[in-house]
Structures are given as structure tokens and as C-alpha cells.
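Undergrad: Chain by chain, the residues run as shown.
Number of protein chains: 4
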Amino acid sequence: MAKSKFEYVRDFEADDTCLPNCWVVVRLDGRNFHRFAEQHGFSKPNDDRALHLMNKCAQTVMEELEDIAIKSNWFRRRSSKFMTHVASQFASSYVFHWKNYFKDQPLLYPPGFDGRVVLYPSNQNLKDYLSWRQADCHINNLNNTVFWMLVQRSGLTPTQAQERLQGTLAGDKNEILFSEFSINYNNEPVMYRKGTVLIWQKVNEVVTKKIKLPKEAEEKEVEVTRTRTKIVPLHCDIIGDQFWDQYPEILSDDG
Amino acid sequence: MAKSKFEYVRDFEADDTCLPNCWVVVRLDGRNFHRFAEQHGFSKPNDDRALHLMNKCAQTVMEELEDIAIKSNWFRRRSSKFMTHVASQFASSYVFHWKNYFKDQPLLYPPGFDGRVVLYPSNQNLKDYLSWRQADCHINNLNNTVFWMLVQRSGLTPTQAQERLQGTLAGDKNEILFSEFSINYNNEPVMYRKGTVLIWQKVNEVVTKKIKLPKEAEEKEVEVTRTRTKIVPLHCDIIGDQFWDQYPEILSDDG
Amino acid sequence: MAKSKFEYVRDFEADDTCLPNCWVVVRLDGRNFHRFAEQHGFSKPNDDRALHLMNKCAQTVMEELEDIAIKSNWFRRRSSKFMTHVASQFASSYVFHWKNYFKDQPLLYPPGFDGRVVLYPSNQNLKDYLSWRQADCHINNLNNTVFWMLVQRSGLTPTQAQERLQGTLAGDKNEILFSEFSINYNNEPVMYRKGTVLIWQKVNEVVTKKIKLPKEAEEKEVEVTRTRTKIVPLHCDIIGDQFWDQYPEILSDDG
Amino acid sequence: MAKSKFEYVRDFEADDTCLPNCWVVVRLDGRNFHRFAEQHGFSKPNDDRALHLMNKCAQTVMEELEDIAIKSNWFRRRSSKFMTHVASQFASSYVFHWKNYFKDQPLLYPPGFDGRVVLYPSNQNLKDYLSWRQADCHINNLNNTVFWMLVQRSGLTPTQAQERLQGTLAGDKNEILFSEFSINYNNEPVMYRKGTVLIWQKVNEVVTKKIKLPKEAEEKEVEVTRTRTKIVPLHCDIIGDQFWDQYPEILSDDG
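Chains as they are written, first to last, in full-length UniProt numbering: chain H, 1 to 255; chain E, 1 to 255; chain Z, 1 to 255; chain F, 1 to 255.
Careful: at least some of the hints might be erroneous.
Simulated coverage check for chain F against chain Z, where a stretch passes if three residues somewhere in it have a Cβ under 8 Å from a Cβ of chain Z [what the hints assert, rightly or not]:
#1 101 to 115
#2 120 to 130
#3 215 to 225
Hint data in this document are derived by calculation from the structure and do not stem from the laboratory.
Computed from a predicted structure; not experimentally measured.
Glycine residues also receive a C-beta, built at the ideal position from the N, C-alpha and C atoms.
Kindly produce the complete structure, drawing on both the sequences and the hints.
TA: Okay, here's the thing in C-alpha cells:
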């Protein structure tokens, strides 16, 4: 069996190395999640179970990739490796952790995700990308909140709700929420309004350890403070400077 | 909240359209599956449960992508879409279907996969790519079969088995199998030796239907033959011409 | 002087290898040649000097690249090498050979060209690309011929000529040429209507050689037929099959 | 003649837009200039005519591209446009301006160049790229200077000179130059040692103008100071900070 005769097909693989000294963003989107949400009875406009499951998956990806990053110089910055590892790890985690968040709601079928890699040369470009995502989250959530109030509380059909909101600005939507539903949008849960940012953070943990001191017969329990790096979910504003001032290590070279 | 100010970051996304009139191959590999196999007690050299689960996942991907293909002109041939959809769908399916194949062996953690896209301009290139994969399957399986016989039956350590096989050719390995373990390699299960090819195939199914004929009082059962397109697993040789002669529709324009 | 400290910048160069087993087309366009033609008094609609100079430059590129092709495995199919070598060789040849075609018309400034590389996976794609160019040549030349007749013979201003041709089809243009200017478009020079294709062709040349035969005192002149590969300009139709039937070596593997 | 039938071939053109917010470097190299230099009797190790012609061509490119930059948003940052315009303009300028630098030495054939595009995300990357080129210039020039002294003055063959220099460091070469040829390398012309940088610079020019003042019968000559942007050749060190401190506009956003 002549293996070598076919080996030439390897040369058809294109090099997709990411330009050095750029931030590599991997962006994921659920495939057909509108339908998925309906079939699994997600509550509207936000389903806490679904949001927390998403965060858990993102965390799993970060932990797994942290692992990879240390070991293998990130696959020589190959774009395809980045996006498929992230997409597949997120997807398998979604099914794996589903039951911890959705209890007696069974998962009907395995969902798909699509990913892409985008490069950002400067810190400002990266911040602007993240600001864009958070601004988008805000706009969508405000709109969804009013839309579902109109449907759920005022009994409008989706089409009627859509028409009612046609052409309205953020101010108008806030006003509808307040005057018709006594909802102050700013009091809505911050995770809905700002989305979630996961960051690696150094935390101090107090741990109880048993140690045997010299000249003493028995082990003794002592409290030890240990510094550990941990993934922490945040729901703060990341458009202003405060977030970046508070976590300078995110953008630093050794971040 | 100025959304538009950040919108410029969209322009950093590169176009990754695949060259038209080429075969688009998406290749997947398990991440760290050596360790995964050990932790989940896969039998060596081949674990039927694992192989059938893999095939099930590949089938799910084909069904899902068939779906996509019809609807959306395949995402305008964007390479990133192809590979992330395939990788994520395969990964979520792996976890979803695990319990049907591994019964009382729980899945310990969600596995990752990596994918890549390779373009092949001609039918011959595509055939050679697939031949390369099947040749590789053969070489690996022959090697693994002898290796694990030496370990499991002759009691060699993995290192000793490795040393024993150092520099041996296919003929030598066949000989060891036959003379020491009375195994005729060609009688080993074909799925192990040739791997699995999944193809869409038209099949005729005989279905029983109840119909009510005019002028008759009661419904009557009749047998109806229905043509359906179905995914079929094959373990045949795909290096020679016979396979391609038998399934010309695979390479045809309307395949 | 620490050279090595800066060497890292080399890694920013992207790999731009062309997909194997595809036709590599390098397409050139003159920069701002409308203005260039006017400033150098090109005759309208076609200037034979300019056309023959173009053909000479293309020929020089072919001779130079033939040279490269043999020596260096075509720069490992790097797209940037292909297009810059072609564009720069064409440009320097244009200036170099100018005076042989434009005699007492001095070249006022060095012209620029832009190039691009396009890959075509199949023979049919390549033929269709070339057909597209020839069809484009025809459409442009027919239009230009009528346009300049209206301006030069009927005394219309360019704007008036433009308006007159607005919305006319090929048949209308042929009719104007015939009825108003007694021109049968099909009798126009074929180089204008079909453009020029340059191909490598084997030609037999009869050369006179002096040889000294054994047993004879003096050298004798004999005629020897020698086969040589030569670049030949053609102005034939390349859209139909005849051209490709006549020159099968163009598309053959060893062409 | 069905044009539209072939138009599909346009879709095979790949998008090669450069990542935004990166410095776009176009690097050129002469093809086979070793041979070209010999055939045209370039003096060794440096030929002033050839160097000044190179600078003139680079200047022409800058002037032409400045022009383009203003008009057309730089071809939507298409990499192929950048490199082919630069390479072709440089090449045509080389032939065009040849006779002004090489007087009675005729140009034997039109030379070729190859180009490439490299992206640098940060100012530091760009500086390091340029430092790399200048360090390379220094290393090559020091080596060439000693090599040609050994050949021209000491009568060594090229091979002997090569062997003599094998393994020598910069210090050794300086020492050979000084002790054997009484040459202090640092007194060699700075253009040879540092190469040439061309920058756009604002310069004040005093121009004589004729103006007619009100209430006066005749025109009067007055001197007017005019600010103009002009390309200036520099041969200074660009590795240290001084250059960048002196010309901050090069890296500034509106530079």
C-alpha cells in the first residue's frame, strides 16, 4: 500500500498563521438559537439557566485553552486551530453541563455554534470591539425587555409589539417600560443589561492545612493564605475607562 | 450609548471565502484523545463503542449540514463557518450520544476537537486525499494491532513492544501476528482495517400504509415502496477504482 | 550592532502560496492609461504602435518567466512573487522598448501598472476566463470604433457620441457603422477585434550551416532544419473549441 | 457573443484587503541584480550612479503613490494593488531615468523586481523592521568593502577573499581595513554605511514673484516665503531614538 504516493495532498493545506502582535479574538454564535430557545422553553426575554450555562461553557473554554496556551505556544497562532478548539469545546461543554442548569428540561438535540477569528492590532481596537459587543447587548436587551412586556403583560401579538416599537429610540423604550409597566430599566439585573465578562483574577484563599511542627508530637491545624488564579464573572461597564484602569493586567504584556 | 462609534471594528474581519469549483474538505481531529481514551477505559487497539459513536457524530454533522446546504448557499463558502460548524456539531453530538454507546461508563469531561479546511481542485486530488486517509488508517491499525497483542498476550511492556516493532515493515507485522498469535490480519474486522465512509444513498423502503379505496367501506393495508435518501456507512476500499465506479454520484455535479 | 534583535520582524510576512493544481493567472492593467494615451497622442480607437509595444512587453515577460520557471520552481508558487515579477518586468520593458515603436514621440513619464493573481481550478474555468477577456475586448472595440467614427467623421462631441450610443446593442452599432460609415465591422483588423494571444510554439527553421565532411578538403554549406520553441502572436477566436483543439499542449500537463 | 456566461470567473478573485490599523510595508528587491551589476559595469563595492538612480526611482514611487493615496482611498487597502503599483512604477522609472545617471553606459535589457507586502501592527514593529534593514545594510556594506579591497588592492581572487573573511566578525573587518588599507570604516560615505531614507518634509522656499501693487503703475518683484512638502533623502541612523524624535510626524496619525 503506497502511502507516499498520496502524501502530496498535504501541500494543499494553506497556512493560516495569525499576524503577530495582534489581539486574537474568537467570536462564537449559536446556530439557530432562536428555534433552540423556543423548543427548550427558554423564558423571555432572559433565561437565567441559559445565561449561566453559557458562562459555564465560556469558563470551560478558558480553562482548557489556558492549558493549551502554556503547553504548545498556541498552535503556532493558526487561526483554524483557535476557532475550532474554541467552538468544539464550547459545544461539548454545553451538552455536558446542560443538566446542571436545566434540571428536568431534557436537551432535545445537540446544538451547533459558529466561530470566527478577528485580529485587532491595538489595545484601543480591542477595547472598541468589546465596547461594541456590550453596546449591542444593551440595545438588544432593552428592545427585548419592552417587546416581551408588550406581549406578556399587554397581550399584544408579536407582530403588534413589533409595530409598536418600530422607529422608537432608547428613550422611548425606557418611557414605555416606566409608564406602562412601572419598570425602571436601570433596575433590571445587571447581567441582562451588561452581559458577562470572564477574567482571570488573582484571589487570596484562606485554607486550613494540617502541619507537623518540629519538636511537637501531633499535627496541628493552621490557616494558610494562598494566592490562586481564578476565573471571575463580571457584569460591569467595560466601555468607560474604569474597568481598564482597575484591571490593567488584561492588556499588559504578561496578562 | 454610541453604537456607531465602535462599528468600525467590523472591518477587521477578513474575508475567507473558499476558492470556487474546489472540493472543500473539513478534517477533524480529537484533542488529546490518547489521554481521553485511557481515562474512559477504551479497549485496545479498537473500541467498538468509540468507533460507532464517532460514526454517529459524523452522521449528525452530515444531516445538519445537509440542512444548511439547502437553506443558505453554504454561508457563501466561508471557510471559518465550515470548520466551526462541523467541529462544534461533532463535539456536541459526541457528548449528546455518549450514553447510548458507553452505557454505564460515564463521560468524565467534555472533549475538544480541532478542525481545518483544505481545498482540492480536482476529483483526482480529492480521491488521493481520501486514499491517503485510508492508507493511514491501515498503517496505524496494523501497527496498533501487533503492538497491543505484544502487550496484552505476550506481556511485553509498551516500551518493549515499541522496540520490538522498530523498523519492521507491513510484511513483518503480518508475520508476527500470524506466527505468534495465529491472527490473519485480513480477517480482522473491516471497519478497523478500512475505517468508515459515510455516504448519502438512495434506498427503497417498503412501508405499510392504510388507505381507503373508493366504494369500499373500510380502510385497507397496502405495501408502498418509497425512495428515500439515507446516510449509509461503508467500510470498503476507496483507493481502487471500484468504489468510485459504483458511486459515480459522489463526484458528479449534482451529487 | 545587534542584528538578531530585529530579526523577529521577518515572522510578520504572511505565506501566500497559491493552491496547487490550479491555473495561476496574472492579470495586468495600466494605471491611468486613458490620460497616458491622450498625452502621448495615441490614435483612436486603436493605436498600432501602442498595441505592438504591449505585445512586445508581454513577450518579454514570457521569456523572462520561462527562464524563472525552469530555474526556481516558480518561487514556491508565492502569489506576491508572481504578480510583482510580471508587473515590474512588463513596466520596465514598456519604457525600454518604447522608442522602437513610437520613434519620434518621446515618452513623457514612466507609466505604472497594477497586477493581480487569480486561481482557476479547472481547464474549463481557465478557458472561460480567457473567453471573458476576449468577449470584453470585442464589446469594447466595437463600442470604441463607433464612438470615434461619430466623433472623427460626423463631428459629434464626445458627449453627443455617448448619448447617441446610450442603450444601443451590438446589432445597432454594427448597423451605424455600415449605414453611416460604410464600415463592415467584420473587416476591421482582427487584432483589434480579437486581441492578441501569445503562445509558445514549436517552429521548424531552416538554417544554413557550414560543415566539413570527412574525406573532403573544404567546408561545405548545408541547409539544416532545426526545431525551436518560439513565442507566436495569434489573433484568432479562443472562445470556440477550435483554438483548444489546435493547441492541446497549452492545457496538457507538460504544456 | 454571450459575455454574461463567462462573468462568473470574477468570483475566483480572492479578497486581499490588508488588516486595518497596521503599517503596510512594501519591500522591493531587484531580480538577479548581481548579474545585472556586472553586465553594466557597476563599480564595486558601491556604484554611486546606481545608488542615486535607485533613490530617484523610490522618489518617483512616493510621488505617484501620494497622488493615488489622495484620490482613491488606497485601493481599499488591497495588498496586490500596493505591491504591483510600487514594483511596476519603480521598474519603469528605473529604465526611464537610467540615462540621466549612467550617461554613456547603455541599458542592455529591462530589469525585473519583486515585491511583497508585510503588515506591522505597532510603531515599534515598524521601527524594528526599518532598523533591521539598516543593520543589514551596515553588515553587507562592511563586508563588501573589505572583500573588494582584498580583491582590488591585494590582488586576491574572489574565492581567496571569501576564505580570508570566513568567520571574521565586524571588529576583525574594521581591523583589516585599517591595518592593511589605512581605511577608517567610519569615514566611508554615510550613504554606503546607512543607506537612504526618503521622507516627506515641509520646507520653506523663498520665491521671487512679480506683483502689481495698487496705486503703482508697474509690477514689482518681491520675495515670498512658501511652505512646500518635498521628498528629502536622509542617510542618518534610524535605529536610535533621535531620528524618530526629530520627525514625529512620520508615525503620527496625520503623518
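Undergrad: Hint by hint, note whether the structure agrees.
TA: Hint by hint, here is what the structure shows:
Residues of the segment 101 to 115 of chain F with a Cβ under 8 Å from some Cβ of chain Z number 8, which satisfies the need for three, so the listed coverage holds. Coverage of a stretch by a chain is defined here by at least three residues with a beta carbon nearer than 8 Å to that chain's beta carbons; for the segment 120 to 130 of chain F and chain Z the count is 4, and the condition holds. Given as covered by chain Z, the segment 215 to 225 of chain F fails the check, having 0 residues with a CB less than 8 Å from a CB of that chain where 3 are the minimum.
Checked against the numbered hints above, the structure breaks only hint 3 and satisfies the rest.
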